Every structure is written in C-alpha cells, then in structure tokens.
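Colleague: Using the sequences and the hints given, assemble the complete structure.
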Amino acid sequence: MTYIRPSFRHPGLPKNDIGFTRADYEGAISTLCAGCGHDSISGAIVQACYEMSLEPHRLAKLSGIGCSSKTPTYFLSHSHGFNSVHGRMPSIATGAYMANRDLVYLGVSGDGDTASIGMGQFVHAIRRNLNMVYIVMNNGCYGLTKGQHSATADAGSKSKDGAINPFQSIDLVGMALELGATFVGRSFSGDKTQLVPLIQAAMSHPGFAFLDVLSPCVTFNNKPESTKSYDYVRAHLEATATIDFVPEKKEITVDYAEGSSKNVKLHDGSRIQLHKLAPNWDPTDRGSAVNRLYEAKSKGEILTGLLYIDQESRDLHELENTVHRPLNSLQETDLNPGAAALENINESFR
Amino acid sequence: MKPTNIQDPEYFHKVVDCQYACPAHTPVPEYIRLIAAERYTAAYMVNWESNVFPGILGRTCDRPCEPACRRGRLEDEEEPVAICRLKRVAADHKGEVKHLMPQGPFASNGKKIALIGGGPASLTVARDLAPLGYEIHLYDEWNKGGGMMRTQIPAFRLPETVLDEEVNYILDMGVHTHFNHYVSSMRDMLDKDYDAIFVGTGAPKGRDLNLPGREEADANIHIGIEWLAGVAFEHIKSVGKKVIVLGGGNTAMDCCRTSRRLGGEAVKVVVRSPFKDMKASPWEIDDAQHEDIPIMNNMPPKEFVVENGKLKGVIFGNVRAEYDENGRRKLIPTGEPDVFIEADDVIIAIGQDNAFPWIERDLGLELGKWDLPVVNKVTFQSTLPHVFFGGDAAFGPENVITAVAHGHQAAISIDLFCQGDDVLTDRPGPTTNLISQKMGIHEWIYDSGVTNDDRYAVPHEDKRKTLANRKVEVELGFDERLGFKEAQRCLNCDVQTVFNTSRCIECDACVDICPTSCITFTKNGEEEELRERLNAPAQNTDQELYVSETLPTLRVMIKDEDVCLHCGLCAERCPTSAWDMQKYLYQVTKAGQTCSNLVE
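Protein chains in written order, with my numbering: chain Y, 1 to 350; chain U, 1001 to 1600.
Keep in mind that a hint or two might mislead.
Unchecked claim - Ranges between beta-carbon positions, derived for each pair: (1) E178(Y) / E1529(U): 45 to 53 Å; (2) I4(Y) / T1550(U): 31 to 39 Å; (3) F82(Y) / D1479(U): 28 to 36 Å; (4) T31(Y) / D1292(U): 39 to 47 Å; (5) E1398(U) / P11(Y): 58 to 66 Å; (6) P11(Y) / Y1011(U): 18 to 26 Å; (7) N328(Y) / H1460(U): 55 to 63 Å; (8) M119(Y) / D1454(U): 50 to 58 Å; (9) E1549(U) / P11(Y): 25 to 33 Å; (10) Y294(Y) / E1549(U): 53 to 61 Å; (11) K223(Y) / Y1011(U): 31 to 39 Å; (12) E1528(U) / T145(Y): 47 to 55 Å; (13) E1549(U) / T242(Y): 22 to 30 Å.
Unchecked claim - Non-contacting residues of chain Y with respect to chain U, defined by C-beta distances greater than 10 Å in every case (computed): (14) I4; (15) H10; (16) P14; (17) R22; (18) A34; (19) D39; (20) S189; (21) L330; (22) T333.
Unchecked claim - To give an idea of the interface, some chain U residues facing chain Y are shown, with a C-beta separation under 10 Å as derived from the structure: (23) D1076; (24) F1179; (25) G1213; (26) H1442; (27) I1513.
The set of hints was computed from the structure by calculation and includes no laboratory data.
Since the structure is predicted, the reported quantities are computational estimates derived from the model, not experimental observations.
The beta carbon of each residue, even a glycine, is placed where N, CA and C say it ideally should be.
Modeller: Right, dumping it as structure tokens:
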C-alpha cells in the first residue's frame, strides 16, 4: 500500500519565462476523493500560474472550511496561505489585502462556505471590490458531511441517497452581477481549456474577480439525475464565447472575422480574446450579461465563460486612497509625521 | 492516430524495456519482485526458464537490458537498475532448484539429435529438447561443457563451481556427451543418421596481427582467446612482468586482468581507437583500471621489436580519429614521433572470426559472406534442412545471452522439423497474461512506491587477494540487504497502465496526478504533430503513444509510455477504474511447451 507521489518529474518539462517548470507550482498530494472536480481546478490553478510566470512567493492562498477549502494545500506549496474559519475567508482576505497590496490574492471557497455560512462575508467583499480572485468550487452538496444538498443545488436535483432538493438554488453568478462585481465568470472543472485562461484573466483583473466553477462531487453528487454531475453539466454547457488569455508581452497571433470576436484589454496590458460570441452579449455590458444568463437558465442551459468584466474597475485601495507600500515596510518616520504635522492638523480645526 | 491495439502481444512487451531488450526476453521485473520478496528460488527459476544460466549470466552478461532500463531515462544522473547483478542475487541465495527442473529419465520419442560444440547455444538446445524425449549427443573438443564460458571467461569473473553447476543441470538430463572429441568433418556427422544436427561452435578463431617481427617473436606473442583458454585449462601458468594487450574489447580486458594475476606487473592495454569507441563494456574497463592497468588510446601498433630472437616490445604510431558525415571513422596519423613500449609478452585481442574448416563445401550446406553459413534468421535452419546453427556460429560474434536466445529458437525449429511440421509457419507465438493488480483502495499486489535510491555498487573483494590468485572472484555480489534495496529501484514496468475508454468520465484526475505528465486528453491528430502538443513533449520516438478510442467529448486519451513510473497513481485517482494496473507477463514459448506447463 502506498500513497506517495514519486519525486521524479518528466525530464523534458518546459520552463516558463522565469525558469520554473509546472512542477514548481505543485502542492502536496490531494487527499480528496479520486476523481473530485476540485483536483482538476487545482490543476488549472497550477497551470495558470505556471503560464503566467508568477513567482510563487507573490501569491497568497486563502480559504475557509470544506472540501474546496482544503485544496490550497494541493497547489502552490511555495506560496503564502491562510486557512480560516468557515465562511470567514473574505475577512482574512480583506485584512491581508489592506496590509499588503503587492500580493496576488487567491481565495478558494465552496458552495457551503460561500452561499450559506459565508454569504454575508461574500457580498461585502464584492461590494468593497477587493482586488482578489474568488473561486467557488461548486458541487451543490456538502461533501465533508456525506453529501446533503447545499444552497446552490438546483430544485429537483437528486442526490446519491435519493433525496430530491425541494428548494430554489442560489445562483452565485447572478448574485455577483447584481451586487456589482467587476469580473464575473463561470466554468467547469472538466474544461481546462476554458478554465485556465479564465483564471489568468481573473488574476490580471484589478478588483474582485468572481469565478463560479462547477465541480462534480464524484462520491455524493454524480448521479445522472443530479444537475451537477459530469454527464449533466457536459450535456447542458453553453459558452458565452471561447476564451484566450494573452499576457502583456505576447503578440496576438490568431485573427478572427470581424463581429464574431472581441478583444478586452486589461489594466496590466494583457488581453482577453473572445471568439464565437454568443448573440446579444457584450462582456463589458452588465445588462447584456444578466439577460444572457437569464435566457440560458430559462432554456435549462448552464452558461459558462467570461460573463462580465468592468474595465474601469477601481479596487478597494484606490477607493480608500490608502498607502501604496505594504504596512510592514512602513517605518516610524512614515507612521509618525511629527509634532509639526500634528500642529498643522490642529491648526486646521481652529 | 488509430486507437492502440493492446491485444497485440508486442505492444505491452515493448513497454517492459528491459525484457524487450533482452535477446531471450527474460521477464526481468517479475524476477526482481521475487528477489525483493526473498523468494530467491522462484526468481532463479524464472531466469532459468528464459536464460538457462542465471548464475553465469548474473556475473558475465553483456546486459543489453540495462541501457534500455526506463530508470536511466528519468534524470540525467539516474542510473539503470542493476538488473544483471540482481540475477546473481537469485542464483547466490536460491535453495534447492533441481527438483523444480524437468526430471528424467524422459520417455524417448525415438529421435536423435547431434549438437556440435558445448557452449551456451548447444546447451540451451539440449535443455529444451532433452525433456521432450530426444536423444541428445553433444560433441566438444574440450573435456568439459560450457564452451567459451569456460575457455574465455576468466575464473575471477566466473568461478568454475558456478559454471559446472549450471552446465551440469543440463548434462544431467541424460545428454550423451562426447568430450575431447573435435568434430573434423561435417560429412562424417551427416553420415551418422541424426534426425537433426545443431552447430554451436562459436567464433573460435582469434584474429592475428601481421606486423614486422610477428614471426620472430612468436614465442611471446599470443592470440587472446587461445591464451585465455590455455590459462583456463592451466596449460599457461605465467606471463612476463611487462605485458602489452592489444585491443579494446572485453577479451582485451579479460587478458590484461588475467595477466595481472599470472605475474604481469606492468600490464598495459594499447588501443588504436579513441577511448569512447572502445567495444569493452564500461564496467569491465573500470575493473581493469582499478587493477592498475593503464589504457592507452589512439595508438596503432606498427612493429614488434625483436632483439636476439626475443621480443623486446612494440612500436606504436599516434593517430587521431575523424568522422565523416555518415559517422564512419578514419584514423589520421598526427605526425608525432612513434612510441616504443617494452614488453615481455604481447597478447593480441583484436577480435575473433567464425571458422568452418571442418565443413566440406560439397554437402549442399551453403556458406556465404565472410564464410558464414547461410542461416534463416527466424528458424536458424541452414540450406541443409536438418542442419541448424545458433550462437556465434550463426551470424558472427555476439554474446552468451544471444546464444541462449538462438538456442531456444533453434530447439523449436528442430522439434517442429522432427515432428514433420513447418519450421516457419507452425512456430508458436508468445504466451501472454494480463492480470489486474488491484486489491483495494490504495492497495496493489505489487509495490507501487518509487524509491529515489541511487544505484547500489556491488562490493568487491580486496584487490591484494584477487590479484594474488586468479581463481578468487572479484565481485562479491549483493548480500540480501543490498539486493533488496536494489530490487526496490525497479519501476515494475511490466505492471501496465490499461485504459478503458467506455468507463472514463474525463474528470482529468489522472492528468493532474501523473508525476511525469504522461497523460493528455486532446483532439486526435497525426503522431508527429501530437507528440509536440502533449502535456510534456514526447520526443523519444522509440517509445509508443498509447491512444484510446474517441471519448464522449470527441477527444482521445494519449499516454506517452516513455517515462511512465508505473506508480499506479492514475489508477488510484481514477473514480471509475477506467485506469487499471495490470501485470503483463510475456513469455517466449519454448520447444514443446503448452500453456499448462508454463512456470508461473
């Protein structure tokens, strides 16, 4: 019996711009169930960070409680991490981000951690436009407690024990759009060609980037009658567009016919290329995204891809006009401007 | 690409690199696992079935398996598993094995076979045919069997006791031996009414070097393989203090090391080609150098210097090697002055040739290029239908394990021929077996963990002892502890990753977990283009791509077999058992063998 990942890697693994291979972005071996969608999302995160040539120490992984929230152990071993209390990851993220805006913040949560216990935290993180990526690994059930329906389970969906969910589901994507999130996307753990560029775009977005990733629970919620099973999701997928992420330095090589594609320029100079656009949809128009989402839902489709992006996004630090340097680098001279400055302030009130 | 046909017995066979590279296709991982389980007797028998001489080969094999070992491809510094020396572990630590071998007397089938030459090829034919009831007559010019294994491999590499033991297992099967009997006429043999004759006479003629002074100094100039035979049979007991060995092959290494044990103090090996082109196995060169024998390269001999009728030394030129675009080598004189090296004795070990002076040319037995017999490469049949060749006698000098492989195939042909079957079309295919190794969650029948240990070195006997007595074996072999550790380095490449397309739900778990990025799910394409766009580029075209049938998302699973660790993680992470680890046992069918009497 063994469950140890060998340390040998493919000798011909390519290296990224900063000399790292994909293996440098790996984490510990996963203890989730075999075939868990969450592991694929972890794989996509590893791939996205590798392709973006992100130095692992520049990223902080944050999570709450649940199967999803265990995953930060399984990717990016050399990054910072904080595993917080159930549903309280946004608070930790807010604190960390206020203290140091130089890191890339990657929050990982689940449908329970976000749509139930952490709902209050989630909505305020959106409202404040924290500069972070917030991934919900959404499997519609509570995997750690034997698969009860979660708040994102669709009405009528059947779980492994045969129980049919009587309640309406919370659509996190629709809610994020409604609350004014500046980047909203949805994807599927089994579709890395879409998920990887979406994560890259989300990491490049200056503001709260929300990704709802459907991630089948193979153990408790993968029956054919479940709306979050591999088969059901694959059969009902509908993409807004195909998506490519083009980092700042790379040139655009593929040309598509006018009208069928769109280029979205991001704040840091990188671009999102969208092709085969859905009709009546403009990724920069929140209204069209809401409409498109509603249309898809009424047809029983699961709309994936980039749904909405606000290119004018202003994040929390910008809104608050806070100091640019991390707090830990501020010296006494920065923090204590001296008696003369105090005198000036006092004078202004006289 | 088309879906891979895993029903083809050669597909998974090729994945077991060591077994595939072995001329006799010994199931290497199978016996290595048995060694790790301390089942030495069983490990020995797996070997004995395939290669007949585990104790001998465990010391002397050319080991084509080791350069093929997957482990050697994992990292630049990583070395292959010490497959050859593990074989010796099985031989050293085994229990009683004779009762596991076919027990005579065997019921006669009325057929008589003559084997000319008592080396590994002939002995293998005897081993395979005697239990089937053939009356075997073995002819050899020496007083014991073993052929070149006895005459050319020095005792410090292969103790006589080991050789005798394994030769006798075969002779004791009721083989009629005609020792001290040099066959000088094929016509006489043909007249003796054997149902078939097998020729396994090796490549008995050592090449000579016709340079000035050769004849005058004849008393102190020796032909390598003849000299080694003289030492083996104790006709030669000493050599001068200063010895030059000419040649860069394994025979040269045996000659120089033997010289060190017969009184040679300043022994030098002089080779006309560069060091990297030497034919000797690297480990044999290491052993020679360890015994204080300098190897001098790029020096072709020009003249034997003789004074007063006695050899004084050899004059050498200086050359450098140049290679043309086809890789063909030319040795160009550098113009530096010639070098004179003193010598009391010179041993010429520059190659050996086949020689059939005893085969009359009017028998209908055709000899072709380089006086080699015309022999079918599959059946080993000559142009006289009841005469078969094998070992070095068939296609020129090779090695013991190749001779064994020839012997097995020739035995099949002889059996088919004597039973009136077609030697080509009635040949049996290999027997194969594919068995799941799954026992439970994270539990496999095989030890799937991959150790990071570096290759273990075989301990050597103290040099003062070994140089003082030519019969003291240099290598001590692995003890049980080291043998276990080295056995653990084996990746179990015979435990195959078997993919079932209809079970796959395309969850990507295998792709994410695979340590060496072997697995990719992608759109199908042409092989050349596919190899470029896999998760890790598949640049070793000697290794196959395993392609599934088309999946529901219209993609295919492609696995590059090249650096798969056979760790089983793909199967452990697969929620639907679309991946399974299955042990593939490939065995070359032997003469008269049926499925029911195969060794497990």
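Colleague: Note whether the CB distance of E1398(U) and P11(Y) lies within 58 to 66 Å or breaks it.
Modeller: This hint is violated: roughly 32 Å between Cβ atoms.
Colleague: Using the beta carbons of N328(Y) and H1460(U), state whether their distance is inside 55 to 63 Å or not.
Modeller: holds, 59 Å
Colleague: So T333(Y) supposedly isn't at the interface. Is its beta-carbon more than 10 Å from every beta-carbon in chain U?
Modeller: At about 49 Å from chain U, T333(Y) clears the 10 Å cut-off, so the statement holds.
Colleague: Identify whether the interface hint at I1513(U) stands, where standing means a beta carbon of chain Y within less than 10 Å of its own.
Modeller: holds, 7 Å
Colleague: Does the closest beta carbon of chain Y sit nearer than 10 Å to the beta carbon of D1076(U)?
Modeller: Holds, because the Cβ-Cβ distance from D1076(U) to chain Y comes to roughly 7 Å (cut-off 10 Å).
Colleague: Verify that the Cβ of A34(Y) lies farther than 10 Å from every Cβ atom of chain U, and report whether the claim holds or is violated.
Modeller: violated, 5 Å
Colleague: Okay, E178(Y) versus E1529(U) on CB: inside 45 to 53 Å?
Modeller: holds, 46 Å
Colleague: Far enough from chain U: is every CB of that chain over 10 Å from the CB of H10(Y)?
Modeller: violated, 4 Å
Colleague: Can you tell me whether the CB distance of M119(Y) to D1454(U) sits inside 50 to 58 Å?
Modeller: holds, 55 Å
Colleague: Report holds if the minimum CB distance from P14(Y) to chain U is greater than 10 Å, and violated otherwise.
Modeller: Answer for P14(Y): violated, closest chain U Cβ roughly 7 Å.
Colleague: Indicate whether the distance between the beta carbons of P11(Y) and Y1011(U) respects the range 18 to 26 Å.
Modeller: Between P11(Y) and Y1011(U), where Cβ atoms are some 24 Å apart, the hint holds.
Colleague: Does the Cβ pair E1528(U), T145(Y) satisfy 47 to 55 Å?
Modeller: holds, 51 Å
The structure shown violates the earlier hints numbered 3, 4, 5, 10, 14, 15, 16, 17, 18, 19, 20, 24 and 25.
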